[in-house]
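For reference, the chains in residue letters:
4 protein chains.
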Amino acid sequence: MSGLGIGLIGTGYMGKCHALAWNSVASVFGDVARARLVTLAEVNADLASKKAAELGFARSTGNWRDLLSDPEIDVISVTTPNAFHPEMAIAALEAGKHVWCEKPMAPALQDAIRMRDAAKKSGRAAVMGYNYIQNPMIRHIRRLIDEGAIGSVNHVRVEMDEDFMADPETPFYWKSEIASGYGALDDFAVHPLSLLFTLFGHVESVVTDMVKPYPTRPLKDGGNREVENHDIASVLMKLEGGISAVLLANRAAWGRKGRIAVQIFGSQGSILYDQERMNEFQLYQASGRPEEQGFRTILAAPHHKPYDRFIPAPGHGLGFNDLKIIECRELIAAIGGQKAHVIDFEEGLKIERSVHAMAQAFAEKGWVSVA
Amino acid sequence: MSGLGIGLIGTGYMGKCHALAWNSVASVFGDVARARLVTLAEVNADLASKKAAELGFARSTGNWRDLLSDPEIDVISVTTPNAFHPEMAIAALEAGKHVWCEKPMAPALQDAIRMRDAAKKSGRAAVMGYNYIQNPMIRHIRRLIDEGAIGSVNHVRVEMDEDFMADPETPFYWKSEIASGYGALDDFAVHPLSLLFTLFGHVESVVTDMVKPYPTRPLKDGGNREVENHDIASVLMKLEGGISAVLLANRAAWGRKGRIAVQIFGSQGSILYDQERMNEFQLYQASGRPEEQGFRTILAAPHHKPYDRFIPAPGHGLGFNDLKIIECRELIAAIGGQKAHVIDFEEGLKIERSVHAMAQAFAEKGWVSVA
Amino acid sequence: MSGLGIGLIGTGYMGKCHALAWNSVASVFGDVARARLVTLAEVNADLASKKAAELGFARSTGNWRDLLSDPEIDVISVTTPNAFHPEMAIAALEAGKHVWCEKPMAPALQDAIRMRDAAKKSGRAAVMGYNYIQNPMIRHIRRLIDEGAIGSVNHVRVEMDEDFMADPETPFYWKSEIASGYGALDDFAVHPLSLLFTLFGHVESVVTDMVKPYPTRPLKDGGNREVENHDIASVLMKLEGGISAVLLANRAAWGRKGRIAVQIFGSQGSILYDQERMNEFQLYQASGRPEEQGFRTILAAPHHKPYDRFIPAPGHGLGFNDLKIIECRELIAAIGGQKAHVIDFEEGLKIERSVHAMAQAFAEKGWVSVA
Amino acid sequence: MSGLGIGLIGTGYMGKCHALAWNSVASVFGDVARARLVTLAEVNADLASKKAAELGFARSTGNWRDLLSDPEIDVISVTTPNAFHPEMAIAALEAGKHVWCEKPMAPALQDAIRMRDAAKKSGRAAVMGYNYIQNPMIRHIRRLIDEGAIGSVNHVRVEMDEDFMADPETPFYWKSEIASGYGALDDFAVHPLSLLFTLFGHVESVVTDMVKPYPTRPLKDGGNREVENHDIASVLMKLEGGISAVLLANRAAWGRKGRIAVQIFGSQGSILYDQERMNEFQLYQASGRPEEQGFRTILAAPHHKPYDRFIPAPGHGLGFNDLKIIECRELIAAIGGQKAHVIDFEEGLKIERSVHAMAQAFAEKGWVSVA
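So the protein sequences, as listed, match chains V, D, F and E. At position 11 of the first sequence the residue is numbered 11 (UniProt numbering), and the sequence of numbers has no breaks. At position 239 of the second sequence the residue is numbered 239 (UniProt numbering), and the sequence of numbers has no breaks. At position 83 of the third sequence the residue is numbered 83 (UniProt numbering), and the sequence of numbers has no breaks. At position 153 of the fourth sequence the residue is numbered 153 (UniProt numbering), and the sequence of numbers has no breaks.
With the rest of the complex left out, here is chain V (with noise of 0.2 Å):
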């Protein structure tokens, strides 16, 4: 059995983030085929090469479309920064290729309709980097709600906050351009809402504040710059089935620095889970001795699968890179055409469809239904 035959194209972040995964997804799981590195790119020749070294790749290139017509690359991870995910997503696509492309899929809606309507056309694999959705702890809620152990779930709360643009100090870059996005609801907002949509559903209808921190940011060289969009995004909303949820993103958050605080109420329960703290989560379920009813701290086991790929034993912890092995698995189910927990190109399409109406409501100053 031969493995999928891999094309990697931008190597930050999320490009090395990709590369472990592509090189261990075989021996974590142990029932797919290892994949062959086979070229990554990068924007130039002599970056490509050097890195293609570290991250085990056979083959290098300064330009990304010689992997379109390599026959031996069955899929390409596209981790650019996001303008460039339209073009280069929709190109693979339209060579064969599955894709594999990091959240969010573009700064346009209109780009981001065409990378879906791409992918249907092409009847390839197209999935998007959501990886938070893939942590056993998360998959585990999802179990339980679906099992009904909280009863019927009424409200939630979701919040999303960061601190690297915290320090009114820190100088005018391009996340402050509204040409970025509207900053922290699609910097951001995005994972929430990977979330919700995994555990709940769609939203429906929104509103919206937005806030400046800091309404200009100093320049290296001197001055001052306006700040275009907002470190701050609060958002009330109706989700499917007439979940009210409230989703805060805070990217100016000092302290926070990988929070994404979930708060689920049922009927007969409740759940918290907290990403800084992404081996553990809470369960409270109103039954049993009331005196003994308390919230859970129920830590990460092989129990919750596929905790158990990574480590037999329990409570050891899995970490942030290991969610996209896990990711990863999921990518080759859905090239294998099986059922998969992704988020592809038209769950995605949602995503970005939701954070745009939020956009629109603060704009409106009042609730706007998402198309």
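Just so you know, the hints here were simulated from the structure itself, not pulled from any lab data. A couple of the hints might just be wrong.
[Claimed, not checked] Below, in silico cross-link-like pairs of lysine-lysine (DSSO-like), each with a Cα-Cα straight-line distance of 27 Å or less:
| no. | chain 1 | residue 1 | chain 2 | residue 2 |
| --- | --- | --- | --- | --- |
| 1 | V | K238 | D | K175 |
| 2 | V | K212 | D | K238 |
| 3 | F | K365 | E | K120 |
| 4 | V | K175 | V | K120 |
| 5 | V | K212 | D | K365 |
| 6 | D | K212 | D | K238 |
| 7 | D | K365 | V | K365 |
| 8 | E | K238 | F | K212 |
| 9 | V | K175 | V | K103 |
Start from chain V and add chains D, F and E according to the hints.
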């Protein structure tokens, strides 16, 4: 020096709490004369007599109006159901008594306005029972904010959650009647508002979502009755000075017992607090070596005034009832004409105006300014 | 029904705490007559008079022996420095008074034995001030253990840590003199022992290590003085019934303010408790589906008697001083000849024997049986 | 540059972990040549072949001795049951291979000594698999201690608890045989010792208590069998330089899954760490304004080397398997003759001597010096 003469109306949850406070305030603080517990009023003479013996009042009555004309009484604690507050508080003020009234002021805004007017006219101390602002942790947080310990505050989130309405099988009772109020909003939201007012200032505008997790509730004798108000409320707000705030209240939140979680984000740091662990708060300051920055868990200690009046050792913990003793000491200061850390009727009215604006924003599905 | 007449000797940390308890116990519990605060004794008449006014005592004296002959006094609270306990407690018992004496009994074992003998002979209630056993959380833990909620207990760890001796620059004072006791052992270890006795039974044998983190301390006027006792003690123990236990005490533990951390391991589960978060404990039960097993954080609530006497709502929190009020109620039960949840002089003596055995085990560098 | 040639013996829990590490180390670190996964040995050829395909080894064998004579192999990973370590590790060293051997060295002290001797004679890198010392949190803690961030350390407590032996109904199996070791002591205690050695130095003397929570265990076919070793061990210790330490190990601790809790007390502060939350530690420093002192929770971040090699963003979390990748990188450094952060066979032997001394101290009921 003779202490203040006290009249108490009502001996439920808060009535007992007031009695305990009046009984202990001199012993705890050591700088005020012992209060004289003169007369306790209850709905009938028997209950009043029994409770007076328990709570240490010299006399008792089944007619609260007896307190008005008693020259030995200087202050009247009003701890009856909310609907009675206006009549009693106004009568007490008109009789020249100082008033300590439990929150909220009144179900109807017009009554709250009348109470404020009566207070103004009387020249007496008229103080609301907002005990959470008295926590030495909250007082220290205010000091930190004032000192600029976290720079300029730009975003605040407050959640208030309990679970006394969480069980869908709880039979319909008065708390689900619209006559009792909007539900989570006034039942609860006044507490977080008291904290926001204390720490940051008034609310300027709001947009609200509200939810009925259980549209009907069973009747004790069979059948169901439609629930008339909302157990869950979510509000986006602008505060004075441009701070954006989020207020989330849920009285159907399984597992939450007395949660009032506050997150304060500033340009130089963040502060976290949760009432369920009321003897600690967390402080993040973006200073010092980055690799050792983190949220510091600070335990209540004699440094945090007036903790020292209760216990000379750090980390030993105050309780909920102790906050009322501190509030009582502040009330005595207000009566003495000193600067006091309290929510008076003027400020209390602003809280209630905010709540009514929230309800209006929900009805109108848009942003509403607070009058 | 006339309440008990109270005499109080000493108005320091614990004296005030006793006064607050006597003052509030009837109001809180509602089932006992209000105590009469008769006479307060201090080292001189002026201080006594001042403190009597503050704490609500009718009379005062500079001579504690005045209390012995006063027929209005039924109970004497002894809250003076430890060295005075034997003389005062014995005199009070011989005068026919009930005694409530702060822990520990006495620096010397022989004095503690004399106190126990006097109590036995008097037929009066003679109760030690071990307030931590009164926490509704601890009482509920005992109930759970008795019910077999965690099966058969086989191992226990208790840590008691504070940091008032942590600073090496703290000048030498009496707490570092051997005359004041062994250091961490008696200063502290008596509290964890009170919990072990309450939950499991007596200590049978021990082996001990002790440490002087700072062999000398500066003198206020320059120079240094050798420290005579040990700020850190670690003890391995066998309890009645074969339970193995570990007791670790450190009064030089930076950052620990009032930590008494208990870990209880049984054949069907585990229980955790930490005094710094005294309104919660954690329970793990090895039952139900393994994938949802976890430590449950249980918040103090009216279910956990007698929390309900203080507050009718769950999760709102008792404080350190409230524990003394519960202890006071138990003392009143003991005085009334009822079954009471207290450490009396007989049991208190066993605690002190255990402490002396620990010190002996350190001196002899081996295991020692407790007499 | 050609990478190291790898042979692997054993593919259980740790075998897979080694394979994953060898497979990823170059991609993660980017500064070493990719290892060549040459040959995998298992107990028979079929299993070996299957596992080689899964884990990416080029060849496989049912006879581990085949690895000794293969010139393509530079390093042999020994991950078989402990009893096989001496024979395999010694043979590998004698064949001129570098050795990476899982802990502990061997059940019998004499075998561990032979391993150390063989390593010394060979001049090859001989490194034990103590992965917990590789956690960037632990490495940063060491840096803080070395820098004097908490002053002079005077007391340390380490607890290692899991619950795989907690159920009394678990049938008797080899882990309860004395031939497999002392129980909690060597099963476990070697891990905390690796941390103590890394952070502070060697153990000088010990006194020990051990407990059998379940004296017998059921046999699968009925009846019971006497348990031969101890699931719980408690040890008081003196370390080099006079630090007092406590080591508590319990493999029958319900609810504990991978706990290694460390408490370090110094003259200027304290440090806390718990392996169950391996991406954070807590630091208390007695500096700055007292009213804001507290334990700071510090999340793993790129500052904490080599976290940055895995993830460029803070707070996103490493996993257990990532620690093995770091260990692998350190092993490569050791092989290259560079200073490496590892426990080699010399140091590993000292750990095992400490364990044997602990068992002796229990047998002799007194303090024992470590040879």
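Index of numbered hints that the structure contradicts, given in increasing order: Failing hints, ascending: 3 and 4.
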